[in-house]
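J.: What follows is the residue order along each chain.
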Amino acid sequence: MAERASKGKLRSLLDSVKSVLYGMAGHDMARFALKTRGSMEHLFILITMGDLLGIPILPPYYSLRLLPYVVPQISTWKRRMLRERDLTDALA
Amino acid sequence: MSLARIFQENPERRYIMFGGKGGLGKTTFSAATGYWLAQQGYKVLVFSVDPQASLSDIFQQDIFGKGPVEIMPNLFAQEVDADRRIREYQEEIRQKILDMYGLEKVPDEIEDYIQAAAAEPAMEESAIFDQVVDIVLSGEYDYYIYDLVPLGHALYYLSMASVYDQWIEKITKLREEMQEYAQVAALLQREDELEEDKILAELQDIRYRISTSSSILTDREKTAFFFVLVPEEMVLVDTLKAAELFAKYQVPISGYIVNRVLPPELEEQDIPEYLRHRIEMQKKYLAEIDRLFGDQVLARIPEFERDVTGLDMIRRMAEAMFGGAA
Chain A
1 MAERASKGKL
11 RSLLDSVKSV
21 LYGMAGHDMA
31 RFALKTRGSM
41 EHLFILITMG
51 DLLGIPILPP
61 YYSLRLLPYV
71 VPQISTWKRR
81 MLRERDLTDA
91 LA
Chain B
1 MSLARIFQEN
11 PERRYIMFGG
21 KGGLGKTTFS
31 AATGYWLAQQ
41 GYKVLVFSVD
51 PQASLSDIFQ
61 QDIFGKGPVE
71 IMPNLFAQEV
81 DADRRIREYQ
91 EEIRQKILDM
101 YGLEKVPDEI
111 EDYIQAAAAE
121 PAMEESAIFD
131 QVVDIVLSGE
141 YDYYIYDLVP
151 LGHALYYLSM
161 ASVYDQWIEK
171 ITKLREEMQE
181 YAQVAALLQR
191 EDELEEDKIL
201 AELQDIRYRI
211 STSSSILTDR
221 EKTAFFFVLV
231 PEEMVLVDTL
241 KAAELFAKYQ
251 VPISGYIVNR
261 VLPPELEEQD
271 IPEYLRHRIE
281 MQKKYLAEID
291 RLFGDQVLAR
301 IPEFERDVTG
311 LDMIRRMAEA
321 MFGGAA
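Here the protein sequences line up with chains A and B, keeping their order.
Letter by letter, the first sequence follows residues 1 to 92 of our numbering.
Letter by letter, the second sequence follows residues 1 to 326 of our numbering.
Worth flagging that the hints you see were computed from the coordinates, not collected in a lab.
Heads up, some of the hints might be wrong.
As a list, the in silico SDA-like pairs of lysine to any residue whose alpha-carbon atoms are at most 25 Å apart [stated by the list, open to error]: (1) A:Lys-35 to B:Glu-196; (2) B:Lys-96 to A:Gln-73; (3) B:Lys-198 to A:Lys-7; (4) A:Lys-78 to B:Gln-179.
Quick caveat: nothing in here was measured; it's all calculated off a predicted structure.
Kindly produce the complete structure, drawing on both the sequences and the hints.
T.: This is the structure in structure tokens:
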């Protein structure tokens, strides 16, 4: 019983250490990776669904096949593509 | 070399195409070849990718947009209805969106896009192309006979495959790169399982379809492409140009068939000057055709006394093309 409790404590301590380490080193990298992926996602939608903004896209037939998967992203993508940009964008 | 021998010596060539300028007899030859092969016990599908298809006319049966229709035992014919295909496809997309997100109605913005996309100029060709991929991939028949559209369109169709292939390749690469970033993030955040990228899966499927279809078109082992021409100067010049272009796309040309040849024995009869001149003219171009294509000329088909429609005439045409023994 006591042994199990101490094992549990050890595990939670280990988890905390892992989290601290992740916060110190990994989090920024993960954030960067996700942010890059997000940008690429918008680029992807642009080259497949550009027609939504009036940019003609090569084969609309196959674009349509991808449409269902990007439906939730369409509005954020449009906002991002069409919004005005300024210097503070570079700091984000 | 005769046309029948080409088929007998290359039994693995299961995709048969007739190409040439409009109105020279591609549909007639497709139908007659289908008839001949079906008579020998092969299961054959003759299908048309021409929006103004004429298989219905030649078989004297309305088959437009009805899927494969059995004309006689072993012989099936199909005319692709591109408009209907597009409508069904749009509906599939709508339904998928509704199912995926549990929506009652497709959002306006998305609906507008779906409708606008259908009006794009390349849409019809793409829809036909995609349907052909379906037909060919199904593998239900021993022989597939493509009743091709006139030359310019056929080339467009072939080049479309390569453009699509490149487009898909580029965006697949981008998608794969995106997946790598997602993996890095998942690893750092110690998430065990990364959700499968459905878009990537779709892209890979599209790519598979396109490359299979275009590789069949250009596969020397499996495909026989025949040029149809008539002994007239303009047709000859155009055929030479087209043959060059087709060679560029690596379409394997199996030979040439000369159609509408006036029977030379007519000359011995008492015929009007007009007809005599026509025969003289044809003789000149037939010699030219022989000089240019040599033993690649597989058959000379006589001009019939009436148009080729209905199975009886198709049978006569098949005899003229392949010889009597069916």
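J.: Look at each hint and say if it fits the structure.
T.: Now the hints, each set against the structure:
no.	hint	result
1	A:Lys-35 to B:Glu-196	19 Å, holds
2	B:Lys-96 to A:Gln-73	16 Å, holds
3	B:Lys-198 to A:Lys-7	41 Å, violated
4	A:Lys-78 to B:Gln-179	22 Å, holds
Comparing the model with each numbered hint stated earlier shows that hint 3 is the single one that does not hold.
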